[in-house]
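Trainee: Modelling step: build the complete structure from the supplied sequences, incorporating the hints.
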Amino acid sequence: MPELDAVIHQPVRLQIMAALTHLGPREQVDFSFLKSRLALTDGNLGAHLLTLEQAGYIAVAKAFVARKPKTYVAATAAGRRAFDGHVAALTAILQPRGPA
Amino acid sequence: MAEYTSMQLSSEDAARSLAAIDASRAAMRSALRANRGHYQLWLWGLIWIAMALLAEFRGEAGVRLFPWLVLAGFPISILIGATQARRIRSSPVDKRFLGVLAAVILFGLVVPFVLLRGPVSSQALFAYCGLVTMLCYVIAGIWFDTHLLWLGTAMAALILIGLFVFPAIFWWWIAIFGGGPLIATGFYVRYCVP
Numbered sequence: 001m002p003e004l005d006a007v008i009h010q011p012v013r014l015q016i017m018a019a020l021t022h023l024g025p026r027e028q029v030d031f032s033f034l035k036s037r038l039a040l041t042d043g044n045l046g047a048h049l050l051t052l053e054q055a056g057y058i059a060v061a062k063a064f065v066a067r068k069p070k071t072y073v074a075a076t077a078a079g080r081r082a083f084d085g086h087v088a089a090l091t092a093i094l095q096p097r098g099p100a
Numbered sequence: 001m002a003e004y005t006s007m008q009l010s011s012e013d014a015a016r017s018l019a020a021i022d023a024s025r026a027a028m029r030s031a032l033r034a035n036r037g038h039y040q041l042w043l044w045g046l047i048w049i050a051m052a053l054l055a056e057f058r059g060e061a062g063v064r065l066f067p068w069l070v071l072a073g074f075p076i077s078i079l080i081g082a083t084q085a086r087r088i089r090s091s092p093v094d095k096r097f098l099g100v101l102a103a104v105i106l107f108g109l110v111v112p113f114v115l116l117r118g119p120v121s122s123q124a125l126f127a128y129c130g131l132v133t134m135l136c137y138v139i140a141g142i143w144f145d146t147h148l149l150w151l152g153t154a155m156a157a158l159i160l161i162g163l164f165v166f167p168a169i170f171w172w173w174i175a176i177f178g179g180g181p182l183i184a185t186g187f188y189v190r191y192c193v194p
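In order, the protein sequence lines correspond to chains X and C. Position 33, counted from 1, in the first sequence is what this note's numbering calls 33; the numbers after and before it change by one each time, with no gaps. Position 153, counted from 1, in the second sequence is what this note's numbering calls 153; the numbers after and before it change by one each time, with no gaps.
Bear in mind the hints are in silico, worked out from the structure with no lab data behind them. Be aware that one or more of the hints could be misleading.
[Claimed, not checked] DMTMM-like, lysine to aspartate or glutamate: derived pairs with alpha carbons at most 25 Å apart:
#1 X:LYS35 with C:ASP22
#2 C:LYS95 with X:ASP84
#3 X:LYS68 with X:ASP84
#4 X:LYS35 with X:ASP84
#5 X:LYS68 with X:GLU27
#6 C:LYS95 with C:GLU60
#7 C:LYS95 with X:ASP30
[Unchecked claim] Pairwise CB distance ranges (calculated):
#8 C:TRP172 with X:VAL60: 51 to 61 Å
#9 X:VAL60 with C:LEU53: 22 to 32 Å
#10 C:ARG96 with X:PRO11: 35 to 45 Å
#11 X:PRO2 with C:ASP22: 55 to 65 Å
#12 C:ILE161 with X:GLY46: 32 to 42 Å
#13 X:PRO25 with C:GLY99: 17 to 27 Å
#14 X:PRO96 with C:ILE76: 49 to 59 Å
#15 X:GLY43 with C:ILE161: 56 to 66 Å
#16 C:LEU53 with X:LEU94: 24 to 34 Å
Ideal Cβ placement from N, Cα and C applies to all residues, glycine included.
Mentor: Rendered as structure tokens:
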């Protein structure tokens, strides 16, 4: 039976991973854009991204666009696997259980 | 950090989490739709229609305006691409892919001057430029996005059919079956692709 992932289960991180895993495998999203889409503050989003990055679930890339620093984030392959497992575990909880 | 297990989570909590996932994905889906290539397809679809109608109604004088329309389209295209890339971008493109595209465009620009030194009709030249562009679409489609592969293949076939089967109505053909599919594909990727 799939297990819930403690890192992903936190509500904000769950939202972040749901959004990032919806991107294509080669796509990255801008920090500000993600913040506005998820209605989070800079500090809140930054803290949760750090936790996810430390778990190896997301990759953070810095770049300069029109001479301005930009931060792009994307889900890693490990993050996608962990998220899929977490969703499977949530779905399993909702499945009716047969007699023991 | 506390470990969660399925035993500790009620079905109501699980349902709430799954609903939150759906909501987050829906927000990202609408953002992704707004960042697809539909603006580019609409822009170039309109330019193709404008070129075809200019050639149909103004003849050679209209054809001489083609380079200006294309030159006007490029900066708008670059501006659209740059604006969209600031929000969602693809990870750095393989240099070989850019090399292939550059080679196709370079050869595409050189060949008419080398092979077609005699008089050439504006229809044939337009078809040739359109085919080079569609070859770029096909290559991009093979690498990244299958919509571009099908669009490039279908448009190349339509250009050839217009040139060889319906030369008398070529410019109308291009306006409808050249510009039209570009704009229609723009609507499709914007509103229909999940």
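Trainee: Tell me the hint numbers this structure goes against, listed in increasing order.
Mentor: 2, 3, 6, 9, 11, 12 and 16
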